[in-house]
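Given only the sequences and the hints, what does the whole structure look like? Please build it.
If you read the protein sequences in the order shown, they are chains A and B.
With our numbering as the guide, the letters of the first sequence map in order to residues 1 to 343.
With our numbering as the guide, the letters of the second sequence map in order to residues 1001 to 1164.
Hints are supplied without guarantee of correctness; some may be wrong.
[Said to hold, decoys possible] If you only want the chain A side, here are some residues facing chain B, beta carbon under 10 Å, derived:
hint	residue
1	Ala37
2	Ala39
3	Gln40
4	Asn41
5	Asn46
6	Arg47
7	Val48
8	Tyr50
9	Ile203
10	Trp302
11	Val303
12	Trp305
13	Ser306
14	Ile307
[Stated by the list, open to error] Below, computed lysine-lysine pairings styled on DSS-like, alpha-carbon distance capped at 25 Å:
hint	chain 1	residue 1	chain 2	residue 2
15	A	Lys13	A	Lys111
16	A	Lys321	B	Lys1015
17	B	Lys1015	B	Lys1004
18	B	Lys1062	B	Lys1005
19	B	Lys1023	B	Lys1005
20	B	Lys1094	B	Lys1045
21	B	Lys1030	A	Lys51
22	B	Lys1008	B	Lys1023
23	B	Lys1007	A	Lys321
24	B	Lys1005	A	Lys321
25	B	Lys1036	B	Lys1094
26	B	Lys1045	A	Lys321
27	B	Lys1004	A	Lys51
28	B	Lys1145	A	Lys51
29	B	Lys1062	B	Lys1143
30	B	Lys1023	B	Lys1004
31	B	Lys1100	B	Lys1127
[As the list claims (entries may be wrong)] Label pairs and their calculated CB-CB ranges:
hint	chain 1	residue 1	chain 2	residue 2	range
32	A	Lys104	B	Arg1034	56 to 62 Å
33	B	Thr1038	A	Leu15	37 to 43 Å
34	A	Val152	B	Phe1013	32 to 38 Å
35	B	Leu1131	A	Ile12	55 to 61 Å
36	B	Glu1047	A	Gln314	45 to 51 Å
37	A	Trp191	B	Phe1012	28 to 34 Å
38	B	Arg1161	A	Ala58	49 to 55 Å
39	A	Leu53	B	Gly1054	35 to 41 Å
To be clear, the hints were calculated from the coordinates, so they are not data collected in a lab.
All C-beta atoms in this analysis are idealised placements derived from N, C-alpha and C, irrespective of residue type, glycine included.
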Amino acid sequence: MNIWEILIITLIKILVIVTIMFLTVAYLVYFERKVSAWAQNRLGPNRVGYKGLLQPFADVFKLLVKEDIVPDAANKPLHTLAPFIALFVAFATYAVIPFGSSIKILGYDIKLVVADVNIGILYVLALTSLGVYGITFAGWSSGSKYSLLGGVRSSAQMISYEVSMGFSIAGVLLLAESLRPIDIVNAQYGWMWNVVLQPIGFITFVVSAFAETNRLPFDLPEAEPELVGGYHTEYSSFKFAGFFLAEYANMIIASCMIVTLYLGGWQIPYIDKLGLSETLTVILQIGAFIFKTIFVLFVFLWVRWSIPRFRYDQLMNIGWKVMFPLSLLNIVWVAILIMIFNL
Amino acid sequence: MAEKKRKKDLNFFEKIYIVEIIKGMILTLKNMLRPKVTLEYPEVKFEPPASYRGRPVLVQEKNGVERCVACGLCSRVCPALAIEVQAAETELEKERYPQKFEINMLRCIFCGFCEEVCPEEAIVMSKDYELVFTNRDDAIFGKDKLLVPVDNLKDRLEFLRNFK
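Quick look at the structure:
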């Protein structure tokens, strides 16, 4: 393959991924509203289009035609920059997440990941920590106390939970002996999923992922009863839509990460024993990845409607006194696995 | 209600929360699968029970005459001063009839006192809850809007006979 072919293939991959991402984000909002409605014995949106399927587009259109208000006290450049940082981070992370092994189209062997980076996991960690800036800028530049409190809470929360998140990932990296997402998935061949091998790490990672994405029970940055709307109190129109989409895109990223790191990525146990053709296997594997991601997303929404919000001191307690030691314990456990069972 | 549990009373599995969280989530999942009770309003309308107090109406007998004898008790008892009655004489057996009977639906508070006080069962609360008007004049309902045939009010009259 010469450079032009690689470039064109990569551009097509980016186009496909971005389109899929926007659609999934839009429909995740719809799905969230549906699940919340079901949890409260309601029907949910069902007026716009068949079963309300056009509702997300109606919502986005409504946000687009609204007036964009910037408060007088705001720092205008940062106020404008913040939602873009949030959106950029959310969408750029998706580049390294593999959703299948590789597929042959027109004689090209195409890897089903936009960028097959050998430090993919570090890239994800780096970008998700950048996401804090979007929120902190938004909180600070709005010139409002509610926004500021939301921003400060959010950055404190993200920094605290990043520690246990990083340490839980360390366990996965020890087993896979690589930072490349594809290698990590390949290491979980068959039933050797990390969720089976290191359940403690799975729990700490999932809890940290909830905290990182600011979802309930850790949604203190936007705790409505205390902080009005949190860091995006002073945002309206499309800038608000930016934060809104970024939050949901982050949820998708978190689910993809959970699936890739702990639930075996695209792996289906014993699929190679069925004797299916190679293309069919790959398509089934992509389906498995999507199915697992949707299931984890459902758990995100499900938890939101089951568990009440933590108090701020409880949040910090859990982060530093429970999750952090547990993730360290997980590393010890993985070390024992490697030493004794030679995994 | 169950006795309040202190933190020291919890056993190990309750202390690590995981089991309790899963219990809570199963509860919400059960709720998600339960049948929905939402009525999709404009298409499906709520049919209220007989005890429902909708807008007050005058009972119209089968021969087309209202039951009301214009005694004015409803107007008198109305706490919101919504009812105005003007009596006149008639050749019929009841001798008096309301020449004018108006209820201001902007004032009516649906308390049902008029119905309770009426000696003739002539004014009753209907099941009608769709009250829309675009100006204040439309909100004053005269006899043309208030008279409802007795057949449509059977439920309410039955209810009043049993429970009033």
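Now the hints, each set against the structure:
no., hint, in the structure
1, Ala37, "holds (8 Å)"
2, Ala39, "holds (5 Å)"
3, Gln40, "holds (8 Å)"
4, Asn41, "holds (6 Å)"
5, Asn46, "holds (8 Å)"
6, Arg47, "holds (9 Å)"
7, Val48, "violated (14 Å)"
8, Tyr50, "violated (15 Å)"
9, Ile203, "holds (7 Å)"
10, Trp302, "holds (6 Å)"
11, Val303, "holds (7 Å)"
12, Trp305, "holds (5 Å)"
13, Ser306, "holds (4 Å)"
14, Ile307, "holds (6 Å)"
15, A:Lys13 to A:Lys111, "holds (10 Å)"
16, A:Lys321 to B:Lys1015, "holds (14 Å)"
17, B:Lys1015 to B:Lys1004, "holds (15 Å)"
18, B:Lys1062 to B:Lys1005, "violated (66 Å)"
19, B:Lys1023 to B:Lys1005, "holds (17 Å)"
20, B:Lys1094 to B:Lys1045, "violated (38 Å)"
21, B:Lys1030 to A:Lys51, "holds (22 Å)"
22, B:Lys1008 to B:Lys1023, "holds (20 Å)"
23, B:Lys1007 to A:Lys321, "holds (17 Å)"
24, B:Lys1005 to A:Lys321, "holds (23 Å)"
25, B:Lys1036 to B:Lys1094, "violated (51 Å)"
26, B:Lys1045 to A:Lys321, "violated (55 Å)"
27, B:Lys1004 to A:Lys51, "violated (44 Å)"
28, B:Lys1145 to A:Lys51, "violated (39 Å)"
29, B:Lys1062 to B:Lys1143, "holds (16 Å)"
30, B:Lys1023 to B:Lys1004, "holds (18 Å)"
31, B:Lys1100 to B:Lys1127, "holds (23 Å)"
32, A:Lys104 to B:Arg1034: 56 to 62 Å, "violated (48 Å)"
33, B:Thr1038 to A:Leu15: 37 to 43 Å, "holds (40 Å)"
34, A:Val152 to B:Phe1013: 32 to 38 Å, "holds (36 Å)"
35, B:Leu1131 to A:Ile12: 55 to 61 Å, "holds (60 Å)"
36, B:Glu1047 to A:Gln314: 45 to 51 Å, "holds (48 Å)"
37, A:Trp191 to B:Phe1012: 28 to 34 Å, "holds (29 Å)"
38, B:Arg1161 to A:Ala58: 49 to 55 Å, "holds (51 Å)"
39, A:Leu53 to B:Gly1054: 35 to 41 Å, "holds (37 Å)"
The structure shown violates the earlier hints numbered 7, 8, 18, 20, 25, 26, 27, 28 and 32.
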